[in-house]
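Numbering (full-length UniProt numbering), first residue to last: 1 to 1116.
It is worth saying that the hints were derived from the structure and are not from the lab.
Treat the hints with caution; some may be incorrect.
Within a straight-line C-alpha distance of at most 16 Å, the following computed EDC-like cross-link-like pairs (lysine to aspartate or glutamate) qualify [unchecked claim]:
{"#": "1", "residue 1": "K558", "residue 2": "E690"}
{"#": "2", "residue 1": "K377", "residue 2": "E327"}
{"#": "3", "residue 1": "K246", "residue 2": "E182"}
{"#": "4", "residue 1": "K558", "residue 2": "D858"}
{"#": "5", "residue 1": "K795", "residue 2": "E91"}
{"#": "6", "residue 1": "K377", "residue 2": "E707"}
{"#": "7", "residue 1": "K882", "residue 2": "D913"}
{"#": "8", "residue 1": "K216", "residue 2": "E176"}
{"#": "9", "residue 1": "K136", "residue 2": "D147"}
{"#": "10", "residue 1": "K654", "residue 2": "D577"}
{"#": "11", "residue 1": "K1036", "residue 2": "E948"}
{"#": "12", "residue 1": "K449", "residue 2": "D577"}
{"#": "13", "residue 1": "K893", "residue 2": "E903"}
{"#": "14", "residue 1": "K1061", "residue 2": "D1089"}
{"#": "15", "residue 1": "K1105", "residue 2": "E1014"}
{"#": "16", "residue 1": "K940", "residue 2": "D963"}
{"#": "17", "residue 1": "K248", "residue 2": "D718"}
{"#": "18", "residue 1": "K159", "residue 2": "E173"}
{"#": "19", "residue 1": "K159", "residue 2": "D356"}
{"#": "20", "residue 1": "K172", "residue 2": "E182"}
{"#": "21", "residue 1": "K658", "residue 2": "D858"}
{"#": "22", "residue 1": "K1092", "residue 2": "D115"}
{"#": "23", "residue 1": "K410", "residue 2": "E707"}
{"#": "24", "residue 1": "K172", "residue 2": "E160"}
{"#": "25", "residue 1": "K461", "residue 2": "E521"}
{"#": "26", "residue 1": "K172", "residue 2": "D156"}
{"#": "27", "residue 1": "K464", "residue 2": "E504"}
{"#": "28", "residue 1": "K1036", "residue 2": "D129"}
{"#": "29", "residue 1": "K466", "residue 2": "E507"}
{"#": "30", "residue 1": "K918", "residue 2": "E934"}
{"#": "31", "residue 1": "K216", "residue 2": "D197"}
{"#": "32", "residue 1": "K449", "residue 2": "E586"}
{"#": "33", "residue 1": "K1105", "residue 2": "E1095"}
{"#": "34", "residue 1": "K244", "residue 2": "E165"}
{"#": "35", "residue 1": "K246", "residue 2": "D718"}
{"#": "36", "residue 1": "K467", "residue 2": "E521"}
{"#": "37", "residue 1": "K112", "residue 2": "D813"}
{"#": "38", "residue 1": "K151", "residue 2": "E208"}
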Amino acid sequence: MYWKRANVYYAQCVRGHGKYSTVSKFQRPGKITELLAGKSRDEETVVSDSLTRIPRLIPKETEFRKNPLNIQMLSANLYNQLFNQSYTTDENILKMALNELSKYDLPSKLHKVPDIELQLPPLEGNIVDHFYEIGKKQSEPYSVLMDEFLKQEIPDIPKEWVFREGWTRYGKEIEECDYPKEKVMIFDVEVCCREGDLPTLATAVTSEAWYSWVSKDLISCNTRSGRYLGYSCNDLIPLETSSKSKEKITEWSNTPKLCVGHHVAFDRARIMEQYWLNRTALRFIDTMSLHIAISGITSYQKTLLKSKDIIEDESWQQHSSLNSLNEVYKLYCKAELSKSDRDIFVKGSLQDINNDFQNLMSYCANDVIATTKVLRKLWPLFLERFPHPVTLAGILELGTSYLPVNSNWKRYLETSNEIYEDLDIESKFLLSQQANQACQLMFNDNYKKDLWLWDQNWIPKELKLKKEKKKKPEITVENKPIEPEDIYEKKFLKLQEMFKPLMETCERMPLKTPHLAGYPEWYRKLCAPPKDPHWVPGPLLISSGMHLVPKLLSLMWKSLPLHYVRGHGWGQLVPYDTDIKIPDAELVPLKELQDHYIKSNVSCDCKIKINNTELHENVQTNLVKYECIFKKNHKTIRNRPCKENLTTGCGILKLPHKDGNHLNVGNPLARDFLNKFSQNGLSGKDSNAEHIIEISRMLSYWRNNRERVEGQIVVWTDKSKGYGAIIPQVVVCGTLTRRAVERTWMTAANAIDERVGSELRSMIQSPPGYSLVGADVDSQELWIASVIGDSYYGKEHGATAFGWMTLSGRKSDGTDMHSSTAKAIGITRDNAKVLNYARIYGAGKPFSERLLKQFNPDISPAQAKQKAIAMFNMTKGNRIYKLHDTVLPEVKKREHSRLGAQELCNIYNKSVDELFNKPIWSGGSESAMFNSLEQIACSKQPKTPFLESRLSRALEMNGVDIDKYIPTRINWVVQSGAVDFLHLMLVCMRWLIHPNVRFCLSFHDEIRYLVPDEHRYQTALALHVTNLLVRAFCVKKLGMTDLPQSVAFFSSVEVDTALRKDALNDCITPSNPHGLFKGYGVPLGQSLDIIKAIELSGGNIGTFKKKKRKTDKTRD
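Please construct the entire structure, taking both the sequences and the accompanying hints into account.
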C-alpha cells in the first residue's frame, strides 16, 4: 500500500477513553495482542499503541477508523493529510451521548463503506489557513482594484452627449473608441422594452473618463427581428474587445477588471464577451446584492415597506429599504433620485428615445453616479461584515454563470408550444362538449335537479318577432286546387303547406338577430359573437380557469359535489346546515343531494337491515362493523350525520387550502389540486372529467413557465452550426440568507413524465468536445444543522441522535431521521421529510399542523395538533428553565417548565431573567442542535460558524424584537451557512480545476461546470475532493478534528452533455416522448462515485497530477 507507513493514531479501544479505534471498541488490550499475534510478521505497518507507547505491528486494515459512537470516520491516509493530530473526547460527554442515543435504539449496526486511498494536492498550511490563502489569491486582484478606484473621484458628467453608434469616450478630448480603457467602471444599460431585449444605450464612468454607447437601432430607429430568431454577438455591447473582433482571448481580456452596477446581472446579459465559450477576467459587483447581504429584510418586513404605512416601533427600517436603486440611494445617501424618465424606456418607442436623446442619456448617467455613491457606502460595510476573502471570491465566481445551448433549443420551444396548443385545443373541445351536453338539461327544467348546475343562469335569450301584419284577402275569380303532376311535386306541395306558418315568420324577424337566441345565458357567454374576426361556432371561449368548469365536469371532493360561494371559495355541498350559508339555498336540489350523500356512503344509514349471514360475510370481507356510532353518541362526528338526522338545510364545507383553513381555494383545478386526482381526493362524475384533468396536469408546467422560458436572451455565437449561449440573470445575493436568485433556471424542476416542457434543464447542452460535470450536495442543510449540534454537545460526530441519524442512519433499516419521524407520528416518510426540513428552517407547531392537514385533509384539527405536539416533543423537546446557581438555594428543583418558571417568579416577585438562565431545549433528538442554532441566532452580532458572515443589519439591531424574528434567525444560520458552503466549494474548485473549465450554474445545492472532454474525469474527481476539503474546513472551524466517511465525498458526480440532475434519466415527457437519446441525439451520461472517479481520472485531481510513488517505480 502507498500509505504503508501512515502515522495513524491508534487509540485505546476501550470506549471510556474515547479515542479512535481501528478495531472493535469492545476488545480489550489483551484481545488486541492475541489478534495481532496470529498475523504474519512481514506486515510492517507501524502505529503507536497508546496503551503501551510501543510501536506495534498491525494488519493493513488500519485504513479503517471509527469513533466511539460507532460511526466510520475518514480512512487513515486522508485523515493524516487533512488533520494529522490526535485528540481525546471527554469520557463524561461520551457517556451522556451514549445514554441519549440509547433512547432512540442507537448506535445501531455500522454500515461500513469502502475506505478511500487518495493523494490530495498539497495544502497552504492547515485546512483553515488553506482556504483563507486560496480565497485571498482569487479575490485580491479585484479587491485591490476596487480600493484604488474608491480612493479617487469620478470626473464631471459631460454637458452634451455625442449621438454616434458604438462607444464614445469623454476624457480630456471626446473621441470614438472600441471599449472602455480603464480596469474599473460603473456601468448601466437601458433597454427599449417595446422593441425587445437588446441594449438601446449605455453609460459608464471610470476614474478617468465618462463613456457612452449607442445602438445602431437607435440611430436608424429600426427594429430588428426579435428574440424568436435569436440575437448575435454583434447586437450586444463590447466591453473588452472591438465589436468586429471574433471570439479571441487577448492579453487585455485576461487582465483582471471590475464592472459595477445595480442589478448588474441585467447589464451583464447584454455584454458581448460574456457569451464567449472561454471566459475573460472581467468580474461583476452588484450593489443590489451587496445591499441585500448587508441590510436585507424578511418578506414580512418587505410587505410593510411596500404598504407605505407608518411603521411604529420598528427601528429596523432605519437600516434597510427595498432593493430598487432609488430606495437604496435614499437609504445610504439620504437623497432622492429622479426616475420620472424611466417610463419612456418602458412604454416609449425608439423614435421617442431618439427625440429625447440628451435628456435620457443624462438620466442613465445619473443612475451611474447614484450607483457610485452607493458603492462608496456599501463596500466598507461589506468588507467589515464579510471579512473572509472566500466570500468575495465566491460572489465573483457566481457572477460568471453561463449556459450553452444549440439548435435543439429552438426545436424544444417549437415542440413544446405545438404539443401545448394541441392539448389545449383538445381540452377546449372536450369542455365545449360538456357545455353542449349540459344545455340538454333545459328540457323539462332538469337543471333544477342537477347538483352542480342548479345555480347557473338558465334564462334563455328570447327571439322577439315583429308584429304580424294583417293580410288583405286575395280576390280570385276561380279557386281551383292545383293538381300535382307527379309524386315528387305532390310531396313538395305537402311540405310547403306544412311549413307555411314557419316560413311566413321570416318577414317578422328583427333587423338585428340576437346572439344564440334560445340558449341559456351561461352558455352564451362561452360563445364568441359572429362579428368576432376569429369566430368559430361553439363555446370555445371556455377555459379551465372559469368558475363554471368544475361544475361542468361534475367535480367532487371526497365524493361530494363542489360548489362555489363568493367570499369563501370552493367547498363540498352538504345536505345540512354549516357555518357557511349558501345564497339562493332554496334552489338547491335537496332531495337529490341527500340521496347522493347516502349513496356515496358519506353518511351512516341507521335503517340498514341485514341478516346474520350477510353480516358475517361483510365483516369477513370488508371488516365493517355495522354500528351507528353517530346515533349512539348523540352527536355529529366528522360532519357525517345519520340519514334520519339530515335536515332541510344545506351548506358547504371549505376545501382544505395548503396554507391553512383560513384561506379560500380559488380554483380546484389549480396545480395544488391537480395531483389530488391520483390520491382519490378530487374526482369527476365520469371519465371525461378525468381525461380533462389529465390534460390540465400535462399543460400546467408550460402554462406557468412558457413566458419566462421564451423570454430567455439566447445569443447565437455560431448561427451556421447552431451554437449559442444564455447568460442567466443571477442575483448573487438575492435573499436575506444571501442565497442566489434567478427566476427561471434556479427554480427549474427536473423532467416530469406528464408535464409538457418540463425537460427544460436538459435543453442546456454542451458544445462538441465539452461535457457538463456537476454534483448535488447530499443533505446539505441537514448536515450543517447536525454538525453544529454535535459540536455544541460534545465536539464528537454523532454525539446527538439527530447527528447520528444524519451521518449513519439508513432508510433500509429505518434509522434515518425521516423514517424515525414517520414511524413516531404515523405518517409517510416523504411527508416526514417535508416536516423535518420545515422544522429545521424554523417552522413552529402551527405550520406543522397546516402541513399535516395538507398531507391528509381527512384528519381533524385536533388530530393534526396532537401529531404536531408529539413530533415536536420527540424532536425539538421541551423548553427547560434552569435556576441561576446563586439564587434560591432552598429550592431543590432547579429545572422548570415555562409555566413552572412563571409560577416561581410570581411567588418571589422576580422576573424570569433574575431567577433563571436562558431557557434551553431538552429531551428531544434535535434539542442540542436547536440550542446551538439559537445560541448563534440570538447573539449580539450573529455570525455564520464557517466564514463568520454577519446577519443583516435589519435583524441585528438592538431595537429588533429577537423573539419576533427567532425562526428567521435560526433559518438564517442554516441557510447562510449553506451559502458559505457554496462559496467555499466555488473557490476550492477554481483552485483545483483547469482555467478552461467554466462555471455554469448553481441550483440551490447543485453545482455544474462546462469542461473540455479531456479534463472531465479529473474535474469529476476534483468535485469529490472539493466536498472533502470543504467539509473538513467546516468541522475544523467548529473545533472538531475529524470527518465521517459517509459525508466525505459526493454520492455521485454527473458527467453528461445535458444539464439534467440525473445523468441516467432520458427525460421522457409529452413534448419529448422519445427521450433525449432518440429525440435529440443526446446520449445518457455517467454517474461516478469516488471509486469510479479515481479509476477514470488515474487519481489526478483537476490540474494536480498524482505524484509517482517509490513503490510504483520499483514495480516498473
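These are the hints, each one checked on the structure:
1. K558 x E690: Within the cut-off at roughly 15 Å; holds.
2. K377 x E327: holds, 14 Å
3. K246 x E182: Between K246 and E182 the Cα gap is close to 22 Å, so the pair fails against 16 Å, i.e. violated.
4. K558 x D858: Holds: K558 and D858 sit about 9 Å apart, inside 16 Å.
5. K795 x E91: Satisfied, since the Cα-Cα distance of roughly 12 Å is no more than 16 Å.
6. K377 x E707: At roughly 37 Å apart (the allowed maximum being 16 Å), E707 and K377 break the hint.
7. K882 x D913: Cα-Cα ~11 Å, so holds.
8. K216 x E176: holds, 15 Å
9. K136 x D147: holds, 15 Å
10. K654 x D577: This hinted pair holds, its Cα atoms lying about 13 Å apart.
11. K1036 x E948: Distance ~14 Å between K1036 and E948 Cα, so the pair holds.
12. K449 x D577: violated, 20 Å
13. K893 x E903: Holds, at about 13 Å.
14. K1061 x D1089: holds, 15 Å
15. K1105 x E1014: Distance of about 14 Å is within 16 Å: holds.
16. K940 x D963: holds, 13 Å
17. K248 x D718: Status holds; Cα separation ~14 Å.
18. K159 x E173: Cα-Cα ~13 Å, so holds.
19. K159 x D356: holds, 15 Å
20. K172 x E182: Within the cut-off at roughly 15 Å; holds.
21. K658 x D858: At roughly 13 Å apart (the allowed maximum being 16 Å), D858 and K658 satisfy the hint.
22. K1092 x D115: Measuring from Cα to Cα gives roughly 13 Å; hence the hint holds.
23. K410 x E707: Holds, because 15 Å separates the two Cα atoms, which is no more than 16 Å.
24. K172 x E160: Status holds; Cα separation ~14 Å.
25. K461 x E521: holds, 7 Å
26. K172 x D156: holds, 11 Å
27. K464 x E504: Holds: K464 and E504 sit about 15 Å apart, inside 16 Å.
28. K1036 x D129: Given pair K1036, D129 holds - Cα atoms ~11 Å apart, limit 16 Å.
29. K466 x E507: Answer holds: K466 to E507 is near 8 Å, not above 16 Å.
30. K918 x E934: It holds: about 11 Å lies between the C-alpha atoms, which stays within 16 Å.
31. K216 x D197: holds, 14 Å
32. K449 x E586: With Cα atoms ~12 Å apart, K449 and E586 stay inside 16 Å; holds.
33. K1105 x E1095: Distance of about 14 Å is within 16 Å: holds.
34. K244 x E165: holds, 13 Å
35. K246 x D718: Judged against 16 Å, a Cα distance of about 11 Å means the pair holds.
36. K467 x E521: violated, 25 Å
37. K112 x D813: holds, 14 Å
38. K151 x E208: Roughly 13 Å separates the two Cα atoms, so the pair holds.
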